[in-house]
Amino acid sequence: MANKVATREAYGKALLVLGAENPNVVVLDADLSKSTKTADFAKKYPERFFNMGIAEANLLGTAAGLAAAGKIPFASTFAIFAVGRAFEQIRNSIAYPKLNVKIAATHSGITVGEDGGSHQAIEDVAIMRAVPNMVVLVPADGEETRQVVLAAAQYKGPVYIRMGRLDVPLLFGEEYRFEIGKANVLKEGTDVAIMANGVMVSMALEAAAELADQGVSVSVVNVASVKPLDEETIVRIAKTTKAVVTAEEHNIIGGLGSAVAELLGEKQPTPIVRVGLKDTFGESGRPLELLEKYGLTKAELVKAVHEVLAKKQR
Amino acid sequence: MTTIELKRVANVIRQDIISMLVTAKSGHPGGSLSAADIVATLFFNEMRINPKDPRWADRDRFVLSKGHAAPVLYSALAEKGYFPKEELQGLRQTGHMLQGHPDMRKTPGVDMSTGSLGQGLSAANGMALAGKLDGKDYRVFALLGDGEMAEGQIWEAAMAAAHYKLDNVTAVLDFNGLQIDGATDSVMCSAPLTEKWRAFCWHVIEVDGHDIDALLAAFAEAKTVKGRPTIIIAKTVKGKGVSFMEDQAGWHGNAPSVEQGEQALKELREEATNLG
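Protein chains in written order, with this note's numbering: chain Y, 1 to 314; chain P, 315 to 590.
Take every hint as true, because none was put in to throw you off.
Footprint (simulated), chain Y over chain P, 3 or more residues, beta carbon under 8 angstroms:
no.: 1; stretch: 441-447
no.: 2; stretch: 460-470
Calculated cross-link-like contacts (lysine to aspartate or glutamate; reagent style EDC-like; alpha-carbon spacing at most 20 angstroms):
no.: 3; chain 1: P; residue 1: K446; chain 2: Y; residue 2: E47
no.: 4; chain 1: Y; residue 1: K98; chain 2: P; residue 2: D417
no.: 5; chain 1: Y; residue 1: K293; chain 2: Y; residue 2: D115
no.: 6; chain 1: P; residue 1: K450; chain 2: Y; residue 2: E47
no.: 7; chain 1: Y; residue 1: K44; chain 2: P; residue 2: D448
no.: 8; chain 1: P; residue 1: K479; chain 2: Y; residue 2: E47
Derived contacts from chain Y toward chain P, CB cut-off under 8 angstroms, selection only:
no.: 9; residue: A55
no.: 10; residue: G65
no.: 11; residue: L66
no.: 12; residue: A69
no.: 13; residue: Q89
Just so you know, these hints were derived from the structure itself, not from any lab.
Note that CB positions come from ideal geometry on N, CA and C, so glycine has one too.
Same shape as in the complex, but just chain Y (with noise of 0.2 angstroms):
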């Protein structure tokens, strides 16, 4: 297995060398800075750190209060509270004036695993693509967290960044490059293309891998910046496969799924299958595990990818 990394163990390291550069940047917090790793910024530039406690209202309000200010702050707590409990703090307080504040959510997702589904936020990428003004970034290793973050921080408004609790394969050398807009063709293929975020781009890559044995010729396309969506390479490798399987770890609602499926009813009419949660929130119980429970395998997307093949056929 390739070396593993969680995301926002990739987004704590990469806070520590923005608050190298960039004297503007801080960080809040709300009581979970040693899960979400803000941690060693707080410990680095303790001036510059500012936990909250358990108020995250109140810890979105303060760093829209901090981007108006001239700050670039970076708001950590779990993906639930931020964008469940402090929605409407992200919408009027931050979105609404496009303040400069990066909205840094861990534990997206049902890898959150054993702490169950009411701390698996399903919906956050629905959400937060709802509302004007917000760019959303799914990053899907650490390398890519990387240079989420700090394009994140030199862009100049809200960006929801949206990361998970699970070690997850390092795919992307330092040589890869992530832009906001920007989707990433991992791999070129002409029967179907899989566009995937987060932690379901690892398994795309392995099922590409295993149809190309059975003479399926898949595209990989990793759709990382959400909003805004990269239209012409979407609508380009839909043209070319004329068959899309999406992937997240994300509700099909509203998220990943939905935002290719509209673009593409509207430019490019084309058969697609969404693979993600079913409508259904998790549970407690490992990682992997609900993973597998819940449709998010490799095993999945080579089913949806002949589902979809059989659409296209018809």
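Mind docking chain P on chain Y? Use the hints.
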């Protein structure tokens, strides 16, 4: 500015509020009128601001947490010269810059977009933290409503301001005792407010929110308090200055008709004459 000058400014602000709302045919007169003396004192005496440079990095900040009182802020900004007075007549109308609730992206002089209650103090704290980090001596003022005291986020922010010793934050509570559904005590009792803010480790000053001299003294005192934030609990009368609006919850969110507006303006002009 002298006390009498500030009284005249507050009177002009009240006249602006009435004429804006008559034209707009909607808006919130009660809580705008109750805050007129507070806002006049802040913008025309207390705050270090420059209308020619609304984004001046060293300026004092003002956050209208009770954002529905936008007309009182807009009038003060126009009277200060942030934008032409004619803009006031575009309040709440399509394509004009004066939104129903303050919008920092559309209106010069508005430091924070607000209106969804409970959120302003957190933003003020953030600005104050940034000021401390940057070694700047600017101060941040937040005007809160008493109905807003029911919002949990206010108390999250109250706790945090004390925790981070934000003595550059001065909150003013426009304590008019009324909200949309009636008396604040009957809708959701937030009493005792003085004790609550003291318990949250704030320095509390109680004043008559229509007594300019008392307000001036309160702001002067707030400036001297170190190591903790200050809240000025200003007892006010909702609808202050217009006889038929005073202390009436019904005037929270209803604009006066043309005739009612005329009557209100007549009373306010009489007051102006008496002020000399």
